[in-house]
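Trainee: This is what each chain is made of:
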Amino acid sequence: MSAPSHAPESAEQPEAAAAGVKAPGGRGDADSRSLRQIAWQRLRKDKVAMVSGVIVVLLILAAIFAPLLAKWFGQPPTQFNQDLMEPNSGLPYADPNNTDPAPGEMLPAVDNWGGISGDHLLGLEPKTGRDLFSRIVYGAQISLLVAFLSTLLCVALGTLLGIIAGYKGGWIDTVISRAMDIFLAFPLMLFAIALVGVIPSGFLGLEGNGLRVGVIVFIIGFFNWPYIARIVRGQTLSLREREFVEAARSLGASNRHILFREILPNLITPILVYSTLLIPTNILFEAALSFLGVGINPPTPSWGKMLSEAVDYYATAPYFILFPGLAIFITVLAFNLFGDGLRDAFDPKTSD
Amino acid sequence: MLNYILRRLGAGLLLLAVVTAVTFWIFYVLPKWAGVTPRGMAAMYVGKAPTPEALDATVERLGLDQPVIVQFFDFIRSLVFGDQFQFGRETVECAAPCLGYSFSTNSPVLEQLLARLPITASLAFGAAVIWLIGGVAVGVLSAVKKGSLFDRLAMSTALVGVSLPIYFTGLLALAFVVHGWKILPVPRYEPLTENPGAWFTALLLPWITLAFLHAAQYARQTRAGMLEVLGEDYIRTARAKGLSERKVIFKHALRPALTPILTIFGLDLGLVLGGAILTERVFSLKGVGAYAIEAIIGKDLPVVLGVTLLGAVFIVVCNLIVDLLYPLVDPRVRIAA
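Those protein sequence lines, which keep their order, are chains H and L. Heads up: the first sequence is residues 7 to 358, going by the numbering used here. Heads up: the second sequence is residues 18 to 354, going by the numbering used here.
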């Protein structure tokens with residue numbers, strides 16, 4: 007792992023993202039490669055980033071093709087297999103064909119490995135006997151869906167407010183910047199719990215998990231936009247002083263044209279880099295809410311919810327903690343490493 | 018200097034006001050927009066399945082049929098001056114700052130929260146000590162020995178650490194440390210005043226688990242900050258005038274590197290004090306955060322409101338303390354102020 011070579015934490019170093027800004031018109035540099043080409047070449051050399059990038063792509067594919075994977079390698083995620091489970095301990099029988107206690111034993115033998123077999127690649131969920139493999143694969147669906155939607159909302163809000171704050175300056179900038187500080191200090195998880203409690207079913211025509219997804223996406227988007235807004239504001243502050251913006255202004259371009267046609271295109275890369283780093287945070291947030299029982303509702307499989315059910319089995323069935331936990335861990339780590347690699351690739355301070 | 022203190026105090030109060038307003042909006046205005054009738058809202062506040070008469074009484078009592086602005090003033094008045102709650106024939110006094118009245122426990126919310134606060138506070142302070150000392154120490158050592166095996170190992174661990182949620186590591190710790198190897202007892206809360214030894218051992222595992230999560234982040238930040246400072250000219254000057262490496266690092270480099278850490282620390286400590294919700298749930302500790310979860314499941318909304326406000330107060334207070342400590346750590350702030 008090449009962790010030490012990574013740039014310092016992003017928030018402390020807005021100028022690091024300046025790398026993402028493409029020099030418009032391309033000055034007469036000896037190096038004719040565009041910044042994007044340079045970054046791509048660097049990224050290809052960064053093995054950690056490439057491997058995690060591949061994992062990210064595989065995860066997205068697994069989420070999209072979850073129904074197919076479940077069909078080929080498992081069974082539907084909501085199908086119960088209670089005949090395979092020993093009712094007292096809630097664990098799978100060691101031998102489903104022989105469910106009687108062995109001579110001298112009180113209870114029938116259970117499988118300490120959670121019923122892992124060719125039919126059930128990751129074993130069975132305690133008590134219900136649902137196929138863990140397909141539940142994990144389906145869990146990726148909801149996890150990534152929530153993370154992408156909420157990141158999208160953060161990016162939309164953050165870009166809009168950040169670009170306005172940076173470009174307009176003055177009291178508008180003061181108000182927006184102050185709002186960023188305030189929003190970052192909010193007890194986010196408490197607010198999320200409260201919102202889940204007060205919003206009634208049927209709000210905006212949403213109910214059940216549609217509503218839950220809506221609430222989670224709203225709360226993340228509404229409170230985490232400052233992460234993106236800070237980056238965008240800093241970039242806009244330096245961009246608005248550049249010649250090409252001045253040129254546009256002297257040609258009589260409207261503010262809107264300058265903001266969205268001149269400045270915004272130069273912000274795409276840093277926004278993309280920092281959204282990649284926001285996704286894992288949002289994945290963890292959804293999993294945390296589901297773990298607390300205020301996120302995704304059963305029977306829809308969710309990694310966080312699975313872990314909260316594993317609480318009762320930590321002594322008897324640790325494997326049940328392991329699989330959903332590893333699913334979250336691998337996903338978050340892959341996004342973090344890929345995001346770090348992406349940031350370094352676009353950072354001019356990193357040497358080739 | 019006084020100017021600086023007043024400005025930070027003002028900023029703290031503003032944050033508190035905004036959080037209070039947003040909390041009010043979430044609990045009183047948003048449900049209305051979402052089409053909840055006053056009776057429906059009363060049902061969310063009373064918990065248990067109530068009779069229509071009881072609901073109407075609650076609507077009356079909480080003024081849920083009043084215009085929003087009237088409700089807002091009532092809400093603020095009760096916060097600032099306290100309130101009274103009729104329960105059957107009894108009148109319960111809810112002293113200021115009244116965070117509301119829990120209908121399922123028939124007592125003021127603040128009373129309930131304060132009863133659980135020692136658990137959360139024990140958890141938060143114990144973990145904070147470990148993550149601050151551990152994180153900073155590892156970060157400094159990593160920066161000084163940049164590129165060494167220790168640095169690479171520590172930073173890889175830190176990178177893994179920020180990707181490990183506590184509801185995974187905590188459960189693994191329970192499964193192995195507590196149940197499998199039986200190194201530590203099942204985490205629970207023992208009052209510090211009664212048995213300090215038991216308090217310590219019973220909370221050690223939650224502390225370490227919670228601290229690991231934060232320490233990873235602090236180590237990364239400290240290392241980055243140290244590396245930046247160590248590259249500055251005045252460090253070269255300090256070395257050139259013949260100071261020992263130890264003095265250079267601890268006296269000249271660490272202090273400026275610590276200032277951003279202090280800011281995050283204030284925010285993190287405030288957040289954890291307002292309810293280490295996940296940690297409390299994982300280790301079944303009955304702190305403030307666990308209470309919020311119980312309340313949301315038991316439809317005891319005033320408690321959730323109370324916890325949210327209390328959490329905001331902790332964040333504001335911790336930030337304020339950090340702001341006031343800043344001039345002591347960073348002379349530049351003193352001069353600017």
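If you're looking for bench data, these hints aren't it; they were derived computationally from the structure. Hints may be right or wrong, so weigh each one.
Claimed, not checked - Restraint-style ranges between C-beta atoms, simulated for each label pair:
hint, chain 1, residue 1, chain 2, residue 2, range
1, L, G52, H, L278, 37 to 43 Å
2, L, A38, H, L158, 24 to 30 Å
3, L, N123, H, V57, 56 to 62 Å
4, H, A321, L, V346, 23 to 29 Å
5, H, R184, L, V346, 19 to 25 Å
6, L, G80, H, V63, 29 to 35 Å
7, L, T54, H, V57, 32 to 38 Å
8, H, I44, L, A38, 20 to 26 Å
Stated by the list, open to error - Below 30 Å or equal to it, Euclidean Cα-Cα: the simulated BS3-like pairs (lysine-lysine) are:
hint, chain 1, residue 1, chain 2, residue 2
9, L, K49, L, K316
10, L, K162, H, K51
11, H, K133, L, K162
12, H, K51, L, K49
We put the CB at the ideal spot given by N, CA and C, even for glycine.
Trainee: Are any of the numbered hints broken by this structure? If so, which, sorted upward?
Mentor: 4, 6, 7, 8, 11, 12
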